[in-house]
Amino acid sequence: AQTVTQSQPEMSVQEAETVTLSCTYDTSESDYYLFWYKQPPSRQMILVIRQEAYKQQNATENRFSVNFQKAAKSFSLKISDSQLGDAAMYFCAYRSSGSRLTFGEGTQLTVNP
Amino acid sequence: KAGVTQTPRYLIKTRGQQVTLSCSPISGHRSVSWYQQTPGQGLQFLFEYFSETQRNKGNFPGRFSGRQFSNSRSEMNVSTLELGDSALYLCASSSETGGRRIRNSPLHFGNGTRLTVT
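Sequences listed follow chains A and B, in order. Just so you know, our numbering puts 17 at position 17 of the first sequence, and the rest follows in order with no gaps. Just so you know, our numbering puts 118 at position 118 of the second sequence, and the rest follows in order with no gaps.
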């Protein structure tokens, strides 16, 4: 069974600074996708960024980028120029087939003004 | 385009009762999946429906069931409620088509239904 681990229950960052959230996963499959979702107090899960396992290039979406290390099964999220609106719970998720996502425990990110 | 709509937003039920939650996916999305979110267990997959058929099921007791209608709307039902069923129930839809090939279609989540069992 696939597992996803986020070892940082809480992180904080100063506004305009950069922060990196860690995620590791365990799988025996070779074809899969990885995602980062954020969940603000509104409760809605919002897709931040996604990475296809067969792509070597790290995904980037504006201020958000990932460091995907397939051999190490690591998938960290870097947020540059942090904004107050980035404060939320961040979940790393794994998906191999269908719509079944396996989520990590989450990292609560606080952005300090 | 309207997002995923879940109703109701909040529910309070008594132990032993049953409850039905509703989810309307984004127009054109045929895949609907359900997740349970609790502080202790985190986010756990319940089941997934595609074209009215259950395609995948998580590790939950038979008290948890679901269905999907021809318009892709989905309902989940929990019978004989227990205190431990108190949770946020999230529904997600995606535009992926059927078949075994992995699709990169992201899941779009609703705001969830907060169920409290007393």
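Misleading hints may appear alongside valid ones.
For each label pair, taking beta carbons as the anchor points, the in silico distance ranges come out as [said to hold, decoys possible]: (1) Arg15/B - Thr60/A: 29 to 37 Å; (2) Thr116/B - Gln56/A: 41 to 49 Å; (3) Glu52/B - Glu52/A: 28 to 36 Å; (4) Ser12/A - Ser51/B: 22 to 30 Å; (5) Ile46/A - Thr7/B: 31 to 39 Å; (6) Gln57/A - Lys13/B: 26 to 34 Å; (7) Gln44/B - Asn58/A: 22 to 30 Å; (8) Ser79/B - Thr3/A: 26 to 34 Å; (9) Lys1/B - Thr60/A: 22 to 30 Å.
Away from chain A, derived, C-beta distances all over 10 Å, residues of chain B [unchecked claim]: (10) Ala2; (11) Thr14; (12) Thr20; (13) Gly28; (14) Gly62.
Bear in mind the hints are in silico, worked out from the structure with no lab data behind them. Even glycine gets a Cβ: it sits at the ideal position worked out from N, Cα and C.
Right, here's what the structure says about each hint:
no., hint, verdict
1, Arg15/B - Thr60/A: 29 to 37 Å, "49 Å, violated"
2, Thr116/B - Gln56/A: 41 to 49 Å, "47 Å, holds"
3, Glu52/B - Glu52/A: 28 to 36 Å, "29 Å, holds"
4, Ser12/A - Ser51/B: 22 to 30 Å, "45 Å, violated"
5, Ile46/A - Thr7/B: 31 to 39 Å, "20 Å, violated"
6, Gln57/A - Lys13/B: 26 to 34 Å, "48 Å, violated"
7, Gln44/B - Asn58/A: 22 to 30 Å, "29 Å, holds"
8, Ser79/B - Thr3/A: 26 to 34 Å, "30 Å, holds"
9, Lys1/B - Thr60/A: 22 to 30 Å, "25 Å, holds"
10, Ala2, "13 Å, holds"
11, Thr14, "24 Å, holds"
12, Thr20, "20 Å, holds"
13, Gly28, "15 Å, holds"
14, Gly62, "19 Å, holds"
Checked against the numbered hints given earlier, this structure breaks hints 1, 4, 5 and 6; the rest are met.
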